Amino acid sequence: MSVYPFLVAGWLLLVGMFGLVRSRNLVHAVVSLSVCQSSTYVLLLAVGYRHGGTAPVFGDTPVDSTVVDPVVQALTLTDIVVGATVTALLLALTIQIDKRHHTVDPDELSSLVG
Amino acid sequence: MSRSARTALLLAAAAGIGVLLVLAFGLLPHFGTAHHPYGDRAVATALHDRHTANVVSSVNFDQRALDTLGEEFILFASVLGALVLLRPGRDEVEFTRNGDHLVDRSHQPGQVLDTVRLLGYLLLPVTMLVGWYIVVHGAITPGGGFQGGIVLATGLHLLYLAGDYRALRALSPIRPLDVGEAVAAGAFVLVGLTGTVLAGGFLTNFLPTGTLRSLTSGGTVPLLNTVVGIEVAAGIVLLLARFFEQDLRIRTDDHGGTR
Amino acid sequence: MTALVATALTLVALAGTAVVLTAEPGRQAVTLSVFGLLLSVLFVLLGAPDVALSQLAVGSAALPLMVLLTVDKIRRGHPGAPTRPGDPGDRGDR
Chain A
1 MSVYPFLVAG WLLLVGMFGL VRSRNLVHAV VSLSVCQSST YVLLLAVGYR HGGTAPVFGD
61 TPVDSTVVDP VVQALTLTDI VVGATVTALL LALTIQIDKR HHTVDPDELS SLVG
Chain B
1 MSRSARTALL LAAAAGIGVL LVLAFGLLPH FGTAHHPYGD RAVATALHDR HTANVVSSVN
61 FDQRALDTLG EEFILFASVL GALVLLRPGR DEVEFTRNGD HLVDRSHQPG QVLDTVRLLG
121 YLLLPVTMLV GWYIVVHGAI TPGGGFQGGI VLATGLHLLY LAGDYRALRA LSPIRPLDVG
181 EAVAAGAFVL VGLTGTVLAG GFLTNFLPTG TLRSLTSGGT VPLLNTVVGI EVAAGIVLLL
241 ARFFEQDLRI RTDDHGGTR
Chain C
1 MTALVATALT LVALAGTAVV LTAEPGRQAV TLSVFGLLLS VLFVLLGAPD VALSQLAVGS
61 AALPLMVLLT VDKIRRGHPG APTRPGDPGD RGDR
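Residue numbers (my numbering), protein chains in the order written: chain A, 1 to 114; chain B, 1 to 259; chain C, 1 to 94.
Keep in mind that the hints were calculated from the coordinates and are not lab data. Check before you lean on any hint, since a few could be wrong.
[Said to hold, decoys possible] Each computed SDA-like pair below joins lysine to any residue, with the alpha-carbon atoms no more than 20 Å apart: (1) A:LYS99 with C:LEU68; (2) A:LYS99 with A:SER110; (3) A:LYS99 with C:GLY77; (4) A:LYS99 with C:GLY26; (5) A:LYS99 with A:ALA29; (6) A:LYS99 with C:ARG75; (7) A:LYS99 with A:SER111.
Keep in mind the model is a prediction, meaning the values are calculated, not measured.
All chains, please: the whole structure from these sequences, using the hints.
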């Protein structure tokens with residue numbers, strides 16, 4: 001049962017990939033990609049968890065209390081914000097594609113290219 | 001490739017990835033393990049060496065500040081890219097007059113419940129305050145530049161919820177935010193270079209680290225937090241402003257009669 | 001692992017699946033924000049309030065808003081697609 005958090009992370013990755021491949025709309029594909037991305041957050045935080053550990057912030061807890069791993073949290077934290085701007089970039093690309101080709105269906109787009 | 005062939009390929013690949021993942025998960029330290037060599041070192045350094053109560057902030061802005069510089073420039077580059085892509089094109093018209101009848105009526109003030117609007121206006125200063133609190137207390141309590149910046153940027157859009165797109169536009173002036181974002185990105189590097197000159201290493205913590213849990217503790221951590229807070233807030237507000245502009249005020253002028 | 005963490009994990013997995021299976025991107029903005037909210041609850045339970053805070057703002061507000069605006073913008077460019085009354089993009093002649 002202790003691998004369950006990792007399995008959830010793996011599931012999110014696979015289900016996101018499924019959405020990405022089956023997508024009929026580029027916006028849907030971008031959102032599915034962000035589901036894939038959140039699998040890394042779950043995986044990282046699950047790896048860093050420690051039984052009985054509290055948050056690695058000693059604002060009002062004694063300095064010798066047991067805490068979870070702060071390193072993975074630092075990785076995840078920046079990635080969430082940076083990932084949001086990358087998703088925004090992809091959405092902006094989708095808007096441009098729609099302007100140029102008047103469609104956001106990946107299948108129609110690939111038939112346009114030939 | 002046809003849709004069904006693509007799905008079949010995906011299912012085969014997904015099965016392979018799934019098996020590999022499950023095998024790998026079995027080799028990971030079990031969930032909740034007490035063995036965290038990096039975490040333990042980061043905690044010890046943050047508390048005893050750098051006097052930073054929020055170890056996550058200490059890792060982000062002090063111990064591994066170079067990584068954050070990289071992240072920060074990914075953020076800068078993707079905001080820049082999205083802004084360039086969302087510029088009005090040559091064949092597009094932008095409606096600037098406030099009373100223009102072509103502005104979508106469903107986004108005009110007046111269609112929002114008064115209670116919602118009041119709540120939006122009341123919560124706006126509160127969220128701004130909370131946002132700044134989160135930014136400047138990043139070294140002590142949960143928070144920091146990334147989270148505070150995003151709270152500031154999202155909080156500002158309560159104005160849109162309140163149905164006041166014009167006030168939102170007035171409060172998110174594109175040019176100062178543009179400059180602010182670039183200056184903040186540069187300031188991060190500047191703090192790093194100051195560390196090189198004063199302490200002998202890029203992004204070395206050159207300020208006195210103070211006492212644990214005081215507002216000025218952590219040396220350069222609160223400084224970098226503020227810089228990143230400004231960059232993230234400006235970046236997200238700029239992005240959302242461009243998305244709003246595209247959606248509400250820009251039309252393709254391919255008919256000549258739409259102006 | 002506590003029952004609380006296990007429940008949160010299960011809910012996250014279900015919500016993630018729901019996001020992917022929501023075919024219409026406009027509705028996806030809603031499922032995405034629920035997914036973001038559940039993720040931040042999970043992060044709090046895993047002792048990561050810092051991460052939860054940024055996930056809450058990004059995942060349940062900023063990102064769905066961008067998705068909604070993109071969907072709306074794209075819909076305006078497509079006649080025949082359902083548009084709201086009074087929509088200036090509703091020219092219906094392309």
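task: Starting from LYS99 (chain A), check that the Cα of ARG75 (chain C) is at most 20 Å away, please.
output: holds, 11 Å
message: For LYS99 (chain A) and SER110 (chain A), compute the direct alpha-carbon distance and say whether it is at most 20 Å.
response: holds, 16 Å
field: Given pair status - LEU68 (chain C), LYS99 (chain A), alpha carbons within 20 Å
entry: Roughly 17 Å separates the two Cα atoms, so the pair holds.
task: Assess, step by step, whether the Cα of LYS99 (chain A) is no farther than 20 Å from the Cα of SER111 (chain A), and give holds or violated.
output: Status holds; Cα separation ~17 Å.
message: Can you confirm whether the C-alpha distance between LYS99 (chain A) and ALA29 (chain A) stays at or below 20 Å?
response: holds, 18 Å
task: Starting from LYS99 (chain A), check that the Cα of GLY77 (chain C) is at most 20 Å away, please.
output: holds, 8 Å
field: Given hint GLY26 (chain C) paired with LYS99 (chain A) - CA-CA distance at most 20 Å
entry: Answer holds: LYS99 (chain A) to GLY26 (chain C) is near 19 Å, not above 20 Å.
Violated hints for the displayed structure: none, as all numbered hints are satisfied.
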